[in-house]
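Visitor: Here's the letter readout for the chains.
Protein chains: 2
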Amino acid sequence: MKKITVKKFGGTSVGSPEKIQAVAQRIKNSLEKDKSYVIVVSAMGNTTNQLVELAKQISSNPSPREYDALVSTGENISASLLAMSFQELGIDAISLTGAQAGILTQDLHAKAKILTIKTDRIQKELAENKVVIITGFQGINPNLDITTIGRGGSDTSAVALAAALECKECEIYTDVDGVYTTDPRRISNAQKIHEISYEEMLEMASLGAKVLHPRAVECAKENNIVLHVRSSFELSEGTRVKEVNEMEVNKPVTGVAMNENEAIISLIGVPDNPGVAGDIFSELADNGINVDMIIQNVLEKNDSNNISFSIAEDDLEQTLKITDSITKKLTCKCVTDTAIAKISCVGIGMISKPGTAAKMFSALGRENINILRITTSEIKISCAIEQKDAQKALEILHKEFDLNDN
Amino acid sequence: MKKITVKKFGGTSVGSPEKIQAVAQRIKNSLEKDKSYVIVVSAMGNTTNQLVELAKQISSNPSPREYDALVSTGENISASLLAMSFQELGIDAISLTGAQAGILTQDLHAKAKILTIKTDRIQKELAENKVVIITGFQGINPNLDITTIGRGGSDTSAVALAAALECKECEIYTDVDGVYTTDPRRISNAQKIHEISYEEMLEMASLGAKVLHPRAVECAKENNIVLHVRSSFELSEGTRVKEVNEMEVNKPVTGVAMNENEAIISLIGVPDNPGVAGDIFSELADNGINVDMIIQNVLEKNDSNNISFSIAEDDLEQTLKITDSITKKLTCKCVTDTAIAKISCVGIGMISKPGTAAKMFSALGRENINILRITTSEIKISCAIEQKDAQKALEILHKEFDLNDN
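These protein sequence lines are chains S and U, in that order.
Those letters in the first sequence? Residues -16 to 389, by this note's numbering.
Those letters in the second sequence? Residues -16 to 389, by this note's numbering.
With the rest of the complex left out, here is chain S (with noise of 0.2 Å):
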């Protein structure tokens, strides 16, 4: 059997019949002989968000099923026109939906998670020597009803792909040509990071890099394939997110990334009851919010506790109604800061390399700039500052830990 390769290409990739067909004649370009190829697409630039505007208009809390069969309509546009471009160019190839492609998901909508892929119709299409195209983001639950896997799934569907392909890399194409040491648009001098590992690229995508979807970085490591994040646009390499070994690192920190969209919850006298804290965290994931930096300080003079997290500003609504109706059963009060911005450096060389955090609240704390929360893991350090000081913070730190390009 031939080696399979997994190209994903994004919604920009594909964003019009031009983008879509400088899409084909791409892979034209690269195809090799001894080689099969799995593309999988996202829809075109904003059709996605088309659909979603389309549904608001209807409804402002449509059935969870009823949006999936909705959405992903976008994907399968986008897949049968690029198939017909490759036609187009003489190149044998078929779309293929997510049914048709065998991805099974929870029986669970708009954020399903992917089961199983039955790879019997891809191999037969791909043992006919076709490009096989598939539409990212969606799959089948049991029913047969069309699920989606949420907002950026489509990385997380190549990768997903990828392992049950046995593949050992996957590409995906994306507007940017790789992962910088801090967003380039921000800091002009950031610089493109050529190998970063798992851990640090989970760290960066879940802290506002949105280069790669976290959960494919994720699917990407339990599988051990490689990502190879390149440009759609440029023929140059782009970054490969493997595993790295912390003994070869030299820098303790490998990129700053910045969140501006955060908000802080406090939950302010909080009863000092086991279980309590579940309760809450239990109800915000059952509800899919993410939450981030959790602390919580035990009040020494009474039996109630501060618990303080910070979310995505766009989940705050959807907080506020559940903290509300826990705030009212436990009498306590609700206190929300949305002006916030997180900050952290990530580096797995932070391992081998102590006094990093040191140096990361000094260098903020020269400048007078307020830190609000910190939280650190093994190889990340988040502080949560105010917005204000968001570009400065990022500039200093950027330039203390040796990052500029120069």
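Hints should not be assumed to be uniformly reliable.
Intra- or inter-copy, both count: the list cannot distinguish identical chains.
Calculated cross-link-like contacts (lysine-lysine; reagent style DSSO-like; alpha-carbon spacing at most 30 Å) [unchecked claim]:
1) LYS(-15) - LYS225
2) LYS204 - LYS193
3) LYS2 - LYS39
4) LYS151 - LYS225
5) LYS234 - LYS113
Honestly, the hints are just simulated from the structure, not real lab data.
Following the hints, complete the assembly by docking chain U onto the known chain S.
Guide: Chain U only, in chain S's frame:
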């Protein structure tokens, strides 16, 4: 089991989120507790054309499989939006794609016929008291690939579903309030027809009265289903297409239909060998080209024939490709005439009332309208005329056969 009602809403009826909401509201207002509802929808307004346009930007001749995968997404969008609209009104509803609804077609693209409908999933959802919304126009072939059943095919989907669900009637909601004695945009005092036979409707539909797709009428006739054509925007009764006994009919002509987009192709000097005509029309049929008004004149003085036939102007390019290869093979000549209109008087009553043809020809003759071709069936007389005479001919015949409203 509850009685099932099938209602089909066309593209203009679901042309915007507001219109889709209005459809849901209208159906809600008419819901009866002892009935179940199946709603068949077309794509929103101009969606299918937009998808076709996208395909054209990539290929002048896209693969039929990918074309079907592409254009079928339009119905998926309107079906899920309509389901959301019902849910927003507190009515349980579910959208099903052709595949989910068990609509199995031939293994043929763009013009597949529906072979059978496995109604298990539909019945299951109806048993749970859901309004079931089904995408028109699409199905799946034995390979699980998406097929479409031809433009305007949503009418056929609705009738096939009504047959599979053993309904007596199928309501077709559209942007006109019924079938008229002729196109009311052309003749202002055209009258609404309250009842019309399948045969007459079939002739009217084939001849340019574009209210109902001919295949839908045929399918309704075969399964003895009453079609009720009515307005999506008004509550008045429309036109019922059903079995009508000719004895009950007073007028010889029920309606006058006009088709301005015709072309006549004449093959001059075709060798008078048995089987030649069969070969020509088989090849056209294999390419899905509908041929109409076939006329063959044997030339007395030699052993060759003239064969002429009319087709839709849209099919001209494809037809000429086929006739070119035929004329080369048979060394005959091909002449094309495109500025042709066809005017037809249709009426089940003409069976029992002789002299209708003579009356038609005389009326046209009185006004110096030149008749280029004539064909007749039991309930129809058609004349090919020059396009410039079309409107005048329509006015004359509508009056001549006493169809004017007053």
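Visitor: All hints, please: hold or fail.
Guide: Verification of the hints:
With identical chains, the CA atoms of LYS(-15) and LYS225 are at most 30 Å apart within one copy only, with a shortest distance of 23 Å there and 60 Å across copies. Proximity of LYS204 and LYS193 under a CA criterion of 30 Å is satisfied intra-copy only: 18 Å inside one chain copy versus 58 Å between copies. Both within a single protomer and between protomers do LYS2 and LYS39 lie at most 30 Å apart by alpha-carbon distance, with minima of 29 Å and 14 Å respectively. For the identical chains of this complex, LYS151 and LYS225 are intra-copy neighbours only, at 10 Å inside a copy versus 64 Å across copies, given an alpha-carbon limit of 30 Å.
Taking the shortest alpha-carbon separations for LYS234 and LYS113, neither the intra-copy value of 45 Å nor the inter-copy value of 61 Å comes in at or below 30 Å.
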